[in-house]
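Colleague: Chains A and B, in that order, are what the protein sequence lines are.
With our numbering applied, the first sequence covers 1 to 157.
With our numbering applied, the second sequence covers 1 to 264.
Nothing false has been slipped in among the hints.
If the Cβ cut is set under 8 Å, some of the chain A residues that face chain B in the computed set are:
#	residue
1	D7
2	A9
3	V10
4	F13
5	V14
6	G17
7	A20
8	F23
9	A25
10	K27
Hint data in this document are derived by calculation from the structure and do not stem from the laboratory.
Just so you know, even glycine gets a beta-carbon here, dropped at the ideal spot from N, CA and C.
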Amino acid sequence: MNRSRFDFAVGLFVAIGILAMVFMALKVGNLASFDSGTGYALEARFDNIGGLKVRAPVKSAGVVVGRVESVGLDGETYEAVARLRIYPTFRFSKDTIASILTSGLLGEQYVGLESGGDPVYLANGDRLGKTQSAMILEKLISQFLFSKAAETPAKAP
Amino acid sequence: MTRLFAAIETLGQSVTRRVDRLGLAARFSGALFLVLWICIRRTTLIIRELYFSGVRSLSIIAVSGLFVGMVLAVQGYEVLQRYGSGESLGVIVALSLVRELGPVVTALLFAGRASSAVTAEIGLMRATEQLAAMDMMAVDPLSRVIAPRFLAAILSMPLLAAIFSTAGIFGAWIIGVQLIGIDDGAFWSQMQASVDVRIDVLDGLLKSVVFGTAVGLISVFEGYFAAPTAEGISSATTRTVVISSLSVLLLDLVLTVMMFRGLS
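Construct the entire structure; sequences and hints are all you get.
Modeller: What follows is the structure, given as structure tokens:
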């Protein structure tokens, strides 16, 4: 076998290998939405963020419009501070409401944005004024139990 | 009493022999890394070795990947449909292939298919004194024979692992979407949502580079220091496959712990 045949076979091999890597990056993983550096940042404060994780999606009307960049705790007000990175193509009005929602019954938690009617748009570094905390299942159950207990008067022993 | 002494002596001897061999391997790899830079410029030699260990392993890697992916799809669907989430099949198959099975099974197959051949080739060169002849002609066998084969293993392993994973995902797609009838869109979109390019794909490729280094180093070392007899070459080839497979599995555990549990 002469040299050009070797070159051809190895070239083909490397091309297939690189093609497989590109396939894994684009079709299997999602490199397209891996642009966490771009877009603008918003800050949202919640009383309780439940199980929200970094890199969780930010959705508006069910469409992914960004990612959660970081989650922290304000040491003075004891509020959870979530920084959201929104893709540059999406703009939201000043009175947008951020709430923490769950996809499905056992699914992952995400931040839902509901745009209001304000003509002024949010800019980089702005804080979302209105937020709605995550629903904690235990709190819901205890609320339900207490309200049930209040409805039915306790029987005297 | 003398029997006790003999037993302790045997133990000491075997430990000394192993440590001695480990030291030899360390010095050998040190010398090999020194000549690696000279070898990188000799593309003709590397291309030749890439052909023999990379291209010739392509068919076995692709076919094994396809079958592994198909089996994963059948088994995975069996469990997932109990929980009514058969669409997550793509996630299960892609994550297990990209993170673990792709790099590990490729390295194991490569050790059996290509590394054993490299060891036998170098061992026979040693036995027929071709390496000594090269030395006499002032040709460094380390940079002329050993380094290209070592580099070819490092270079071809990530490519082969990527091909293995891709073939596996394609096999899972054939079983899952074409035969079982999972929704095509859900299969791909759920996969894309949970496979991270940096955490999963890049770490998987990094793993296969490490495996390629380990397997390549073991194969050339065993060949270079094989006893120059027919028996010596056969035992060196066996050792290459055994030690490569074990060290790939051990390295996989170490790398997985470092990558997914953090270094702390």
